[in-house]
Each structure stands twice: as structure tokens, then as C-alpha cells.
Amino acid sequence: MAKSNLCSTCQKPAGVMYCIGCDGYFCTRDFKRHREILSTDMEELVEERNKLQEKINMAIKPNNSINPLIEEINEWEKITIEKVRQTAEYVRQQASQLMSSKSVEITNEFKGFSDELADLKETEDYIEPDLRRLKQKIHQFNVDMTQLSQGTRLELNREESKRINWNRMIYVQEKPVEVERQQIPTIIQGSARATALFSEMELFCGGRACGRCGTDRQCMLSPHMKDCGSDEICQCAKYRFQCTTDDQACNEYEQLVKTKKWGYTILRKSTCEMLQQQSSSVYDNVTCCSNDGCNRPDHGKCAWSQSRRHASRKLTDLLDFG
Numbered sequence: 001m002a003k004s005n006l007c008s009t010c011q012k013p014a015g016v017m018y019c020i021g022c023d024g025y026f027c028t029r030d031f032k033r034h035r036e037i038l039s040t041d042m043e044e045l046v047e048e049r050n051k052l053q054e055k056i057n058m059a060i061k062p063n064n065s066i067n068p069l070i071e072e073i074n075e076w077e078k079i080t081i082e083k084v085r086q087t088a089e090y091v092r093q094q095a096s097q098l099m100s101s102k103s104v105e106i107t108n109e110f111k112g113f114s115d116e117l118a119d120l121k122e123t124e125d126y127i128e129p130d131l132r133r134l135k136q137k138i139h140q141f142n143v144d145m146t147q148l149s150q151g152t153r154l155e156l157n158r159e160e161s162k163r164i165n166w167n168r169m170i171y172v173q174e175k176p177v178e179v180e181r182q183q184i185p186t187i188i189q190g191s192a193r194a195t196a197l198f199s200e201m202e203l204f205c206g207g208r209a210c211g212r213c214g215t216d217r218q219c220m221l222s223p224h225m226k227d228c229g230s231d232e233i234c235q236c237a238k239y240r241f242q243c244t245t246d247d248q249a250c251n252e253y254e255q256l257v258k259t260k261k262w263g264y265t266i267l268r269k270s271t272c273e274m275l276q277q278q279s280s281s282v283y284d285n286v287t288c289c290s291n292d293g294c295n296r297p298d299h300g301k302c303a304w305s306q307s308r309r310h311a312s313r314k315l316t317d318l319l320d321f322g
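Under the UniProt record's numbering, the first residue of the sequence shown carries the number 1, and numbering increases by one thereafter.
A couple of the hints might just be wrong.
[Stated by the list, open to error] Here are the simulated SDA-like cross-link-like pairs (lysine to any residue), alpha carbons at most 25 Å apart as the crow flies: (1) Lys51 - Lys61; (2) Lys102 - Val143; (3) Lys83 - Glu159.
Think of the hints as simulated: they come from the structure by calculation, not from any bench.
Just so it is clear, the structure is predicted and the values come from calculations on it, not from any experiment.
Kindly generate the complete structure, drawing on both the sequences and the hints.
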């Protein structure tokens, strides 16, 4: 009698269906569920593709006024115009002050001239040189007033502004790849920000990045493992699972699939015990916290070593991470 293969899900000797993607055998019922999960993943990929198409359409749309680069240029324009306006206003005030100062100076000089002229006329104590000097002063006053009214006594110094190369003052260029890498902010491994960032990172092997180190946690279990270059799961995450004492809504394998999350999968205690029983034939190092009153942060974590590749694959298939 031919030896039966165990179903990778229910561990019953009814594994009549073989999947070349995950290298696992399934019974007819579980193979159907396995294909449904793959179909769901495909639908998610199609949805992500459609979202990406929308982003591409927005990126190539002409006259895109909401483009961040265009917004930055508009902001620079506003700031530059405001600075030019402020500078022009300052220079106008400077010109007014200089013209006012010159007017006061001419007024004071003219008052002194008028007093001297009146005194000489009253005393009749003047001679030809005095008359020539007074005529020269009147001529100079006329010249000064003409220059003051026409602004020819003052000039605008624009030497610095002439040196501005407006074509090079601001321009757009493609950012070098090295600069982009240098500008990526440093994120502390294991921080909340790192976990959020890495957990959203999809790697080329089809896996998901670890929330602590950023490397793939399921390269070893991926169908594309040969293309990944990694031969083992990252050493910091180790596929952690959290158990709870509430077994009202999640004691079925189907519900376990629905509550799957990257990094942590929420398991009800009854489900965890079920997994312990089902996985005992392929793995002997699954533990679950049994202290229902424990309030420690690390309470209820199921953990296992990745020492045996085949066992890890089987257990992962059981939990539907493959």
C-alpha cells in the first residue's frame, strides 16, 4: 500500500493534492481553501496595481498644480517677490530721507544767505566783490533746487543686483542616487517608526520586511526563495504570535486566517492549543503561556526556534504564512 502524505493544514493522511509553490500536500478541502487564499492575494495585487496606475496617471498629468515640486517653486516665487518688495520699500524710504535731508540743508543755507543779503542792503556796506559772490550763491541755489527736484543729486546703486544670474538663481535638476540615499532619515531599529516603515516594505522576494531589522522574515518560506539570496528568517523577529484568553470568536482555522497580521498574529488561547496539537507531529518546540492572570508585556507569546527548515515550512503552512 502506497504511503499517504499528510495534509499540510489538518495533518491528516489525506494529502492527495500537491502545491509546487509551497511544496506542500493538501487534502481536497484544504487545497480549495489554499487556492482561495492565493486568489485573495492575487486580488490584493490587482488592487495595488490599480492604485499604482492612478498614481502614475496623476504623475504624468500635464499642468499638475498639486505637484510638490511646482508648489515649492510657487512658494519660492512668493517669498522672492516679497523680499524684492521689502527691499524696494526700504530703498524708497532711504531716498526720501536723503532728499528730505538735502532740502533741510538748502533751506538752512538759503536762510543764512537771505539774512546776509538783507543786512548788506540795509547798511549799504557792500562793494563789487560782495555782489559777485551773492550772485554766484543765487546761481548755486538754482542749480541745487533743479537737481533736487529732478533727483539728479542722488543715484541708485544697482551693482549687486546686476550680478544676479536669474537663469541660475533657481533651477530644477535631477537628484543623484547617492544624494537620495544620504537623505534617507536614520531610523532606530526596533522603534515604532521603524516597525511601521519596515512592515509596509514589500521585498523583491515577495516577503515582508521585519519590523525591527528591515530584512525579510519569510525568505526561507517564499516560493521565490531561490531569487531572494537569504537562506534563513531574520534572527530578531522569529515569527512571534500573541495569545489571548478570549476564545469566543477565534477558535477556528478560518478565523485565524482572517486575523493574520505581519509581525504578530492574534491567536485565541483555544486556537493556540489547537495549533500545538496539530503541529506536534512536525514540530516539538511550540509553547504557549498558560497563566491567564499574567499582565506582563511579554505574556502570551508563542515562540519557536527556526532550527529545522522543514518543520518551519510545515508550521508556516499550518498558519497560512506561506
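Here is how each hint holds up against the structure:
{"no.": "1", "hint": "Lys51 - Lys61", "result": "holds, 15 Å"}
{"no.": "2", "hint": "Lys102 - Val143", "result": "holds, 13 Å"}
{"no.": "3", "hint": "Lys83 - Glu159", "result": "holds, 18 Å"}
Checked against the numbered hints above, the structure breaks none of them.
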